[in-house]
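Colleague: Mind the numbering: the sequence shown is residues 44 to 185 in the working numbering, read in order.
These aren't lab readings, by the way, just hints derived from the structure by calculation. Bear in mind that the values here come from a model prediction, so they are computed numbers and not experimental data. Using N, Cα and C, we set each Cβ at its ideal position, and we do this for glycine too. Hints may be right or wrong, so weigh each one.
As the list claims (entries may be wrong) - Simulated crosslink set (DSSO-like; lysine-lysine; CA at most 27 Å straight-line): (1) K153 - K164; (2) K105 - K153; (3) K81 - K95; (4) K105 - K183; (5) K95 - K164; (6) K164 - K105; (7) K108 - K164; (8) K153 - K99; (9) K63 - K108; (10) K157 - K108; (11) K105 - K90; (12) K87 - K105; (13) K105 - K95.
Claimed, not checked - Ranges of calculated distance between the beta carbons of each label pair, as one might list FRET restraints: (14) F83 - E152: 36 to 46 Å; (15) E106 - K153: 56 to 66 Å; (16) H161 - M128: 35 to 45 Å; (17) E147 - A86: 19 to 29 Å; (18) W96 - I54: 50 to 60 Å.
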Amino acid sequence: MELEHKVYWAIKVMNFDLSKSGEQRMLHLNELDEWRMKAFENAKIYKERIRKWHDKYIKNLKEFKVGNQVLLFNSRLRLFPGKLMSRWFDPYTVTEVSSHGAVEITHREKGTFKVNGHRLKPYYGGEVGNDVKEVVFLHKPP
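All chains, full assembly: derive it from the sequences and hints.
Modeller: Right, dumping it as structure tokens:
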């Protein structure tokens, strides 16, 4: 009872009308909801713009077709790979491309198997540097 009296006294001293303060509170809550909806819409628009910008600058270089020559990434060569040793294996031939990213490749000695398209890159010809061809000394040995 005493608490109610003090609250009522504070409202009278501050010249607040109980019904007007309730209306103001509802207006502030509605305004807050409007701001929240605007922020949600702006975030949605921002995400769409960023997605379009990102997709515009992505280069789709890894579109493989049947018959293409590709190199396979050696993911097991991690312990001591050698500074100048290539991590790409000899050229394979693409035999099938799935829509979800799997690619079936063939090698004349190793056979046919499926790999993820992220582990492949196009082969344009030339030698694949898996073996050391020549040793060049920078200083003459003693």
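Colleague: Does each hint hold? Answer for all of them.
Modeller: Comparing the hints with the structure gives:
Pair hint K153 plus K164 holds up; C-alpha atoms about 18 Å apart against a cutoff of 27 Å. For the suggested pair K105 and K153, the alpha carbons sit about 23 Å apart, so the restraint of at most 27 Å is met. With a C-alpha separation of about 21 Å, the suggested pairing of K81 with K95 holds against the 27 Å cut-off. For the given pair, K105 sits about 45 Å from K183 by alpha-carbon distance, which is inconsistent with the 27 Å threshold.
Distance check on the hinted pair: K95 and K164 sit about 26 Å apart at the alpha-carbon level, within 27 Å; holds. Proposed proximity of K164 and K105 is supported: the alpha carbons are some 7 Å apart, at most 27 Å. Between K108 and K164 the alpha-carbon distance is near 12 Å, which keeps this suggested pair within the 27 Å criterion. A hinted pair counts as satisfied when its Cα atoms are at most 27 Å apart, and K153 with K99 does not qualify at roughly 38 Å.
Using a Cα cut-off of 27 Å, the hinted pair K63 and K108 is violated, with the two alpha carbons roughly 72 Å apart. Distance check on the hinted pair: K157 and K108 sit about 14 Å apart at the alpha-carbon level, within 27 Å; holds. This hinted pair checks out: K105 and K90 have alpha carbons roughly 26 Å apart, not beyond 27 Å. Between K87 and K105 the CA atoms are separated by roughly 30 Å; this puts the pair beyond 27 Å, and the hint is violated.
Only pairs whose Cα atoms come within 27 Å are accepted, and K105 paired with K95 is accepted, the gap being roughly 20 Å. F83 and E152 have their C-beta atoms about 58 Å apart, which leaves the hinted 36 to 46 Å range violated. The supplied range of 56 to 66 Å is broken by E106 and K153, whose beta-carbon atoms lie about 24 Å from each other. About 21 Å separates the C-beta atoms of H161 and M128, a value inconsistent with the hinted range of 35 to 45 Å.
The given range of 19 to 29 Å is broken by E147 and A86, whose C-beta atoms sit roughly 42 Å from each other. Take W96 and I54: their Cβ atoms lie about 54 Å apart, and the range 50 to 60 Å holds.
The structure fails to meet hints 4, 8, 9, 12, 14, 15, 16 and 17 from the earlier list, while all remaining hints are met.
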